[in-house]
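Chains as they are written, first to last, in my numbering: chain A, 1 to 164; chain B, 1 to 180.
In case anyone wonders, no lab produced these hints; they're calculated from the structure.
Any given hint could be a false lead.
[Said to hold, decoys possible] Here's a subset of chain B near chain A, in silico, CB distances under 10 angstroms, partners left out: (1) Asp7; (2) Asn10; (3) Leu11; (4) Asn14; (5) Ala24; (6) His104; (7) Arg105; (8) Leu107.
[To be verified] Just the calculated beta-carbon pair ranges, DEER-fashion: (9) B:Lys36 x A:Glu57: 19 to 29 angstroms; (10) B:Gln26 x A:Ala55: 55 to 65 angstroms; (11) A:His148 x B:Leu11: 30 to 40 angstroms; (12) B:Ile55 x A:Glu134: 45 to 55 angstroms; (13) A:Glu100 x B:Ile20: 27 to 37 angstroms; (14) A:Val145 x B:Ile55: 12 to 22 angstroms; (15) B:Leu52 x A:Arg52: 36 to 46 angstroms; (16) A:Val145 x B:Phe81: 39 to 49 angstroms; (17) B:Ala32 x A:Asn142: 39 to 49 angstroms; (18) B:Leu52 x A:Arg149: 19 to 29 angstroms; (19) B:Gly100 x A:Gln14: 24 to 34 angstroms; (20) A:Leu159 x B:Ala51: 16 to 26 angstroms; (21) A:Ser113 x B:Leu61: 19 to 29 angstroms.
Computed from a prediction, not measured in an experiment: that's the story for all the values here.
C-beta: ideal position from N, C-alpha, C; glycine also.
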Amino acid sequence: MASPDKAFVQLLLQQQNIVHKICRAYCPLEEDRRDLFQEIALQLWRAYPNFRNEAKESTWIYRIALNVAISSHRKTRPQPIGPLTKIMHQIPNEESDTEERVAMLYQALYTLSDVEKALLLLSFEEKTNDEIAELTGLTPNNIRVKMHRIREKLRAHFLTIHST
Amino acid sequence: MNNEFDDMKNLWQNAPAAQIALNAQQIEALLAKRSKNALQNLRTNLLWEFALGIILTVLLLYAAIQAESTAERFAILQVMFVIGPCFIFYFLALKNLNKGISMHRPLRSMLEESIQFWQMALRIYFWGGVLLLPIVFFAARLWRQQTIGTGSLQFFTGSTPVILFKAALPGPWFQAWFGF
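Only chain B is shown next, with the shape it has when bound in the complex (with noise of 0.2 angstroms):
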């Protein structure tokens, strides 16, 4: 066995690995592109749904401001102050993430911190999931019955759990979408 593990040292201590060998401008474009790691995928998802959100926070605002009587505009506010922090809480997850992993650390503690960091992003993920869609159904609905009245729009009549399973049909889109 001695003789092969030597044999598989001087191997790996002189053989060439690649067929070709990069050369400067091809390392200086293999640098230009993007990482394709999952931190990254995740930081550009969030930061979609922040932009988004934004959006969304903006458009009600512009709303309000439109909005021809009182009522109609004290009910967009209400919505519009619902959504608009949860917000917040994907500004302070895109902080945490941005941190990254520190990939000079020794194996073992880049590992800890890699299990740490990711048990992280799947409680983002999962509260951001948890949390947020009943607190935007209630916020439309509130907007329902305060602009509209009941009797209209009937994707979101029927009880808390059929408008649930509705608002999950195009669940099964947005994760390949995301890549999960």
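In isolation and in its complexed conformation, chain A is listed as follows (with noise of 0.2 angstroms):
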């Protein structure tokens, strides 16, 4: 493959941040995370000569990324919530909240399958539901109810987690 232009990589180096975000929310271990990165660069660098700016560059890397990290192979699945996390939600760490925070939001998104993940992370970055019809292939209303679904997910694990 030829060296990468400038133009692209000065683009993965602004929008680095959502790549590394999608390789957390799919990748609970650092080792599979650096992979995905790695994967999803190339992927992006692959498809970049396509890329004509119809659309915003986030939507874009978020296609391709998401793409990316559900049809990947991973040699470590997500980890339930076990005993051991339950208690260390009871033990006040060092870290700070936020950091805490992200980690719980983090633990949360484990709880999901790999399409859930997606469609929840589209909503987070506040896209209405025909872009993530667009982006999906599936229709607004399945991911209406998909939404549904993944939020009753997300208050069934909330109790469980402020039960303990």
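Put the two chains together into one complex, using the hints given.
Given below as structure tokens:
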């Protein structure tokens, strides 16, 4: 493959936080995250010649990064919330409050399926149901139903956390 | 729940995910590395097998040219013409695999394409194994009968199931080597 052009490297530099966040959402383990980041970067680079600025850069990155994250084989699967994780939530640690809340956010994400996670992350990015439909190929009605189920799942997750 | 949902959304939008952001050199280094995905592994394996087939065919051709008797030359050529065309299969498989899966499509159609693609890849390996192994063995037996005659090369003697069992013995090693 030819060496990447400066424009692409700059784009990835500016938008790398999106890719890092998606990697963390799909890979609980650091080792898997590094591999996924590389795979997403390579796929973005491969698709870059066809990027015509018709979509926002972040939307284009979300589309490819989520597709790669969902279709990639990962060695490890997200761990369900186990007793140790519950204990961890009861013990104050040295992390800042934000870091702790971010860790809890990712724990909540790990309870969702890969596709559910994609829908939730797109809604976090303020995408409308029509935009999510275009990105995922699902119908807006299907997305509404799925989003309702995701909220129910998250509600159950937070109830479990708060009850311990 | 709405509060928690909004809280999650704010966290997602504002929290940095990576403790250390990559710089331009690190990104360039990352892009210079080869992909470790399953498709790339499959492509590399097929490429090795295809190269091995080409080398084998060339060696057989050389052996046929160097053969001392016409009978031996004819036997080697027969083997070559049985094995050689099988590697066209590898060439076509590689050609199909090189198309890859387009990641810029909507998620649903990308997944549909992925399923079709991997089903095709599985078929390639299935038929590759099912067809090539007996072809190679019958070609070897043909060669043995026409050049050496019966009684020598003990490894190739015995019934076909026994031969296939012997051939399968290095299988786990190959599987580990290919990363399956």
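Going down the list of hints, with the structure as the test:
{"no.": "1", "hint": "Asp7", "result": "8 angstroms, holds"}
{"no.": "2", "hint": "Asn10", "result": "9 angstroms, holds"}
{"no.": "3", "hint": "Leu11", "result": "5 angstroms, holds"}
{"no.": "4", "hint": "Asn14", "result": "9 angstroms, holds"}
{"no.": "5", "hint": "Ala24", "result": "5 angstroms, holds"}
{"no.": "6", "hint": "His104", "result": "5 angstroms, holds"}
{"no.": "7", "hint": "Arg105", "result": "7 angstroms, holds"}
{"no.": "8", "hint": "Leu107", "result": "4 angstroms, holds"}
{"no.": "9", "hint": "B:Lys36 x A:Glu57: 19 to 29 angstroms", "result": "26 angstroms, holds"}
{"no.": "10", "hint": "B:Gln26 x A:Ala55: 55 to 65 angstroms", "result": "26 angstroms, violated"}
{"no.": "11", "hint": "A:His148 x B:Leu11: 30 to 40 angstroms", "result": "21 angstroms, violated"}
{"no.": "12", "hint": "B:Ile55 x A:Glu134: 45 to 55 angstroms", "result": "49 angstroms, holds"}
{"no.": "13", "hint": "A:Glu100 x B:Ile20: 27 to 37 angstroms", "result": "20 angstroms, violated"}
{"no.": "14", "hint": "A:Val145 x B:Ile55: 12 to 22 angstroms", "result": "57 angstroms, violated"}
{"no.": "15", "hint": "B:Leu52 x A:Arg52: 36 to 46 angstroms", "result": "42 angstroms, holds"}
{"no.": "16", "hint": "A:Val145 x B:Phe81: 39 to 49 angstroms", "result": "60 angstroms, violated"}
{"no.": "17", "hint": "B:Ala32 x A:Asn142: 39 to 49 angstroms", "result": "41 angstroms, holds"}
{"no.": "18", "hint": "B:Leu52 x A:Arg149: 19 to 29 angstroms", "result": "50 angstroms, violated"}
{"no.": "19", "hint": "B:Gly100 x A:Gln14: 24 to 34 angstroms", "result": "27 angstroms, holds"}
{"no.": "20", "hint": "A:Leu159 x B:Ala51: 16 to 26 angstroms", "result": "58 angstroms, violated"}
{"no.": "21", "hint": "A:Ser113 x B:Leu61: 19 to 29 angstroms", "result": "54 angstroms, violated"}
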